[in-house]
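Go ahead and model the full structure; you've got the sequences and the hints to work with.
Protein chains in written order, with the working numbering: chain A, 598 to 907; chain B, 42 to 392.
Derived by calculation from the structure, the hints in this document are not laboratory data. Because the structure is a prediction, the values reported are computed rather than measured. Please note: incorrect hints may appear among the correct ones.
Claimed, not checked - A partial selection of chain A residues facing chain B, derived with a Cβ cut-off under 8 Å: (1) VAL742; (2) HIS746; (3) GLY755; (4) VAL837; (5) ASP838.
Virtual Cβ for every residue (Gly too), placed ideally from N, Cα, C.
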Amino acid sequence: MKRRISRGKDLGDVRVPADMAAAEPTLDPPTEAAPDLAPAPAQPEPILDVAGVSLRFGGVRALTDVSFAVRQGEIFSIIGPNGAGKTSMLNCISGRYRPTEGRIRFDGRDITRLRTSRRAAIGIGRTFQNLALFGHMSVLDNIVVGRHHLLRHGFLSGMLYWWGGAQREEIEHRHAVEEIIDFLEIQHVRKEMAGTLSYGLRKRVELARAVALRPKLILLDEPMAGMNLEEKEDMARFIVDLNVEWGMTVLMIEHDMGVVMDISHRVMVLDFGRRLAEGAPEAVLADPHVRRAYLGEVDEEAPALEAAGA
Amino acid sequence: MTPAGDFRTSYRADMTIFPTRGSRVALWIGLALACAAPLVLDRYALGLAINIGIMGIAALGLNILVGFTGQISIGHAAFFGFGAFASAGLVEHGVPVVLAIPLAGLATTLVGLVFGLPAARLKGLYLAIATLAAQFILEDFFARAQWFSGGVAGRVTEPFTLGPLRFDTENSYFYVVLAAVIVMFVAAANLMRTRDGRALVAIRDHYLSAEMMGINLAWYRTLSFGIASFYAGIAGALYAHYLLFVSVEAFNILFSIQFLGMVIIGGLGSIMGSLLGAAFMVLLPEVVQTLVELLQGGAIDRALHLGNGVAFLKEMAIGAAIILFLVFEPDGLARRWRLIKAYWKLYPFSY
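Shown next as C-alpha cells:
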C-alpha cells in the first residue's frame, strides 16, 4: 500500500505533491497511526460557527440539528453520500436558504438572517456545484464582477467614466484581477467568453471569481467534480495555495476521498441531514458509523446512528 | 480580434471602447461625415436620420433593460410619450427647452421607477404583463389628464433654442439629435464597462451567483428600469421638440412592440445594435415604398392586376422582412456587422 503523504512538520510548507490526487482509493483506514495530523491552525477561534441548524422543506428534513465550527485558517471538508444535505448546508451559510432552526455565526456576528447579497462584503465567497458563470461575459469581466462590493463607482460616475475616477478605479482593480488570473493560470483565456470554455477552465474561472471577492471564508461546492486527474491536481494545488499563501479559510464539499483526505485539516461527515462524525481525516475514516454509511454494512442496531448524530 | 502588431502595453489601452486604430479612424470619419450630412442631404433624408437618432436612443434604453438585464418591457412607448409630454409641459411653464429635455428624462425616470417596482420581484412573462399594465395606465392618463397632455387635442410646443440659435429646421435640429445620440451612447458604453453595468449583465446571465457576488438583485432590476425610462424620456422629449406637436395616439402598444422589434433586430445586448435596429425599422418602410413605386405600372403590376393591392403589399413586405430577419439572423444586425468585420480582416483567407 502506498504511503499517505505526510505534511506534518511545517505549516508554511504545505504542498501537494504531484501524485497527490493519485492517492489510492481511500476507504480503508490508514495503516499507521497518523502522526500527520494537520498542524493545528494558529488561531483556535472559530471563524464560522454553525449551531443546531435544521432545514425543512415542508415535510422533508434536509438538515437536522447540525453543529460544527470552522477554525480560522483551516481547510474543512464536508463529505457524505448523495442527498446527505451537504449543499443545503453550504446554501444556509451562503444565504441561499434560511435555516428553519439554529443559528450561524461568522466572524463574531450572527448571519442567520443576513441578506445574501450582503454576505460578500463581510467575507464569504463561494463557487457552485453546477457551473454558475456569467456565460456571455468575458473571463475578465466575470472575475471583475467578484470585485463588485469593493468598487465604489455607481452608474452615474460609471457613465462619466473619464471624469470622476471610475476609470482609475477600474484600472486599479484590473491589477488585482490580473494577479488572480496569474495565480490560477488562466491568462490565455482572459478575453474569451466564459460560456465557450472547457469544463475544467470554467471551474477555475469560477474559483477566480470567488477569490476576487477577497473572502475570509471561501465555500467550494465540489470544486473537482467531473475533472480529470491532472485538473484535479491543479485544483488541489490552488486550494492549498489559497489556504496557505492567501490565508483563506476553506470550507469544501468534495466526493473525491483522495483529495479530501490529503488536503483537509478536518472533515465532517453528513448522512441523511445529520452529522455522523467530525474530526481529523484519519479519525473520521476509522469511524465505524462512517464506514457503515459509506459501505452499507449490515447494521442491526439502527439507534447507533442516532447516537452518532448527537 | 486585433490586427497583428497591435500590442497593448497598459491596462488603460486595453479597456477602450474602440479597440483598434482602424476602428478609431472609422469613428472619426463617421463623425465627420455625420456632421457634413446636412450640407448634402435633403430635408426628407435628414428627417429620417433624425428619426433614426431618436428611435436609437429609446431603443438603447430598452436594450439596457431587455438585452443587458434580461428583463422585459412592453410599455416602452408609454415612457417615451411621458417624456414627450413632460418636456412640452415644462416648456409651457417657461422652462427653456435645453433644460426641459433632461428634466423630462428625470421625470420619466421617476415614473419608470414606480412602474419598475414590480420588476424587482417579477420576471419573464409576469413582468411583461405588469409592464403592459403600465402601458395602458399611462395611455389612459395621457388621454384624461388635460393639464398634463392637453387631452385629446394634444400639445403644441416650442423648438429647441440655444441663446440666439433656433434649431427649428431639419438641417439644424439634426445636430441636436446627433449630439444627444453621441452623449447617450457613450454613456451607455461606459456604463457597461463599469461596476453597475456589469452587475446588470451578471443578473441576466446567472442571478443566483450574481447575488452571491454581493449584487442586490431588487435594486439593480429596478435601477435598470429607471435607466431604460430615462433613455425613453430623453428620446421622447427630443421627439416632441422635433415635431413641435405631441398627441396621445402615437404612444400606443404597437409603438412599444416596434421598440422591441428594433432591439431584437439590432441585437440584444449590443449598444451599437440598438442604433442599427432603429435604422432598420425606420428605413425598411422607405425601401419597400421605393420598391412598390418601381413596381407600380410595371409589367408585373399589369400582368397580375395588382392595382391598389400594391399598397397593401408594402405592409406585408415589412412583416415578411422582419420574420425572415429573425429566422436567418437571430442574433441581430450587431452580429452580422461583427462577421463582416471579421471577414474583411481575414480577407482573402476567410478561414
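Right, here's what the structure says about each hint:
no. : hint   : verdict
1   : VAL742 : 5 Å, holds
2   : HIS746 : 4 Å, holds
3   : GLY755 : 3 Å, holds
4   : VAL837 : 23 Å, violated
5   : ASP838 : 22 Å, violated
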